[in-house]
Amino acid sequence: MPRCLASSAREIAQAISHSRRDFLRNATGATLAGAILKPYALGAQAAFLKQKAVVVTFGGGARDDETFAPDGQQNIPHMLKDLAPRSTFFTQVVNRGILGHYVATASIVTGVYETFNNFAAVSPGNPTVFEYFRKDLRRPATDAWVIAPSNGFNRIGESSCKGYGPGLGAGVILPKRLLATALTAGNGEAFDHLLRDNYESSAYSPIIGGTDVEMQQLLEVMKLSVSDFLSRARNLASPDELSVYIARQLMHRLAPSLLWITLHDIDVAHSGAYSLYLEGIQRSDRLCAEIWNAIQAEPEYANKTTMFILPDFGRDSDLSAGGNGFQHHRTGDATSRTTWMMVLGPNVHENTIVDRPVESTDLVPTLGSLLGFDARMCQGKPLREVL
Amino acid sequence: MTPAQLTEASFASYPAKARQIAVSSLPLLQQLPLGFAPFLLKEIRDADVKFPVEFRELEDQLAYLRAMSAERLAKEMRPFAGLTLNAALESSDWVNVPGQFLEQLSAHLWASHQMDGFRSASETYVRQFHASLTAVPLPGPRVGIVLAGQGMSRMPNRPVFVKLAREGTLFTQVKPGDGIAVVRAALEERAVKHPAPYAHWNLDGGTASELKGFSSVGYGQLAPVRDALAAKMLAAYEARPFDPEMLRTNLARTTFQSLGIQPTGDAPLDHFSLTLLTEGSGTQIYSTTFVQWAAREALRRAQPLTLFSRYAPRQREKPMNELLSGNRTSSAQETDPNGSFIDSEMGAYYTWLNQQRLSGADQSRFLVWLENQGVAVVISPAHRRAAVDSSPVELSDLARKVLLS
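As they're listed, the protein sequences go chains A and B. The opening residue of the first sequence carries number 18 in this note's numbering; numbering runs sequentially from there. The opening residue of the second sequence carries number 17 in this note's numbering; numbering runs sequentially from there.
Rather than coming from a laboratory, the hints here were simulated on the basis of the structure. Keep in mind that the hints are not guaranteed to be accurate.
[Claimed, not checked] Cβ pair distances, simulated, as ranges: (1) 245/A to 254/B: 30 to 36 Å; (2) 210/B to 137/A: 47 to 53 Å; (3) 240/A to 107/B: 52 to 58 Å.
[Said to hold, decoys possible] Computed list of chain A residues with no C-beta within reach of chain B, every gap over 12 Å: (4) 243; (5) 293; (6) 364; (7) 365.
Every residue gets a Cβ at the ideal spot worked out from N, C-alpha and C, and that includes glycine.
All chains, please: the whole structure from these sequences, using the hints.
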């Protein structure tokens, strides 16, 4: 049976928010959003057409303790010094759904708390942001992409919802699947570090097989030969680096208006090795800055792209006796449910903090308001502070 | 089947002591809701391999529930009785495999958004049960000792043991002297002073040397068990279709005998060691995770008076299939001492937190030493919090004060 908490969930949640807010204020001189809120301003369809959005989620939550709390700041120098001062920062993003990475990401993507088995190979039951985007705005398949870890995320791009579904969603790239396919003709040992999958309990998923056709199509899109692709991949340190490399190729070649990248290295925390978890956070921090810099460097993206960065949820508190701290996200305590979100872009207030609690399901309707589609079936509400 | 339908025959497959307890508790069990009874049955089913403290806790819990009137029991159980379960849960074999039922219940509670309510009800129940207990005086203060940093060639260029140092005194000029031999001698002396079964524990990320009066568990000694389990897991992963639920069920049913390994003759300790590997996450592959989880489980289950844990370098990170393959090549044996030290700093902090969840927390003592270096932290009622002591001190003095004063 679970044991008692050392302190109440409310106290923990307040402590998280308080320390993060105070730190950001002290470090960046950030102001509260309430004082500078502007009314909805981007109503014109012409404005929507130029807008692009890049969403980066950390599949494998990162706690405040290892990020924005004083002990954790050393792990996120790029987010802290480069990105946070340019962002509107939401201090309390609550995920009230199931805390498993695939189902949680599906919930963020649909704006509805999905309830399927985290390890099942199923599509989300509700329309995804990609389907709203493409159907409402009549966008081609090349305008919405997802880059995700390989463990079951191959169905994240489109739902099973009537009226949406097959043919209306995003293209999904599973970098490890792509690499595994490319390796069928070559020596795979040099790439083992890029092929590792998640460590959650004993139920890790083997890498699923891809097809040459899919790989050839994708490499064609990226204007890469198999040997070039392998050559580039050989110099990358982790699966997330491979994901970001592919994201940059896509941005450069296709310039999709809606790009969703799910990083996953942090989830090595399930193995219980704290040092590897910290390395995952440090890498994610660096990669987020790299993505932001790529946005600024690409003419198709610069000055018209809003970037959202958020962990899909947190991890268990050290104070939850029923859990084992950073290792898992099983207790459902406040620390595991509460995380943050950073929003950066040309129409977003810089150095601004939003203290009110919001939910991870608010992201899709916010994207809808930003890009001009109606996320009609989602549960969340648009975040007025970034619109 | 519902709890009201339980009969003596329902427990036919239970081990002897467990069956006896279940049968004698039948009138109580029949009154419990399905959202609660399997939790209690899981504890009862393991009765034959429980440590003395946790067996007493089981008896206390049964006595706590039996002492309630029917109305009071119904009131206590109302949050659990109010859970909406599904047909699959109701028809599952929750009597014989309660652990599997609880996993499925957990998934159902998450999916049906009942987890927060269940968690709150569980915490309330546990809090009330613990409040009903009469505190049993300890024969001496609880002590935790952690040795970390084995294999590191030099002191890290940063503050160490930061979280623990806030809770006690950081010593920056510790003279190792005879090092671990001194600590071991003081540990054995303490076990002689307070002899009791499973009261003193010795956990090691390498091979655990014998300590008289201690229950010892070593990652190294469990290598044959780890190899056998890893082969089992790898085979399950490579099977088509891969069935994680079946794998978990098979792991839960694993015994030393089923792995072809001779038990040591200490059934509770064998069961404990095995469950570290079958129920823990990462314990099969990283020795640092193994030591941290073993300490957590020893504290939670055996509530020891003395816990001595020593970290060893873990293997380097590799793809999961390679980590599980049991590959004993030199590349597979490559270790990461610096990363292991970071793991053990957090592990030591968690060990202290878990020790503080037990009775006598206000009198407990804790020592963590960076092996063969001059840094240690001591947490005890006699040491100031967040203090730094830079005067020279012998490790033997620190250890003896913590263990024997």
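Now the hints, each set against the structure:
Range check, residue 245/A to residue 254/B: Cβ separation about 32 Å, and the 30 to 36 Å hint holds. For residue 210/B paired with residue 137/A, a C-beta distance near 51 Å keeps the hint of 47 to 53 Å intact. At about 56 Å, the beta-carbon gap between residue 240/A and residue 107/B stays in the expected band of 52 to 58 Å. Distance check on residue 243/A: its Cβ is at least 21 Å (rounded) from any Cβ of chain B, clearing the 12 Å threshold; non-interface status holds.
Taking the minimum C-beta to C-beta distance to chain B, about 6 Å, the non-interface status of residue 293/A is violated against the 12 Å cut. Its beta-carbon lying about 35 Å from the closest one in chain B, residue 364/A satisfies the requirement of being farther than 12 Å from that chain. With a closest Cβ-Cβ approach of about 32 Å to chain B, residue 365/A is found to remain outside the 12 Å limit, as its non-interface label requires.
Hint 5 alone, counting from the list given before, is not met by this structure.
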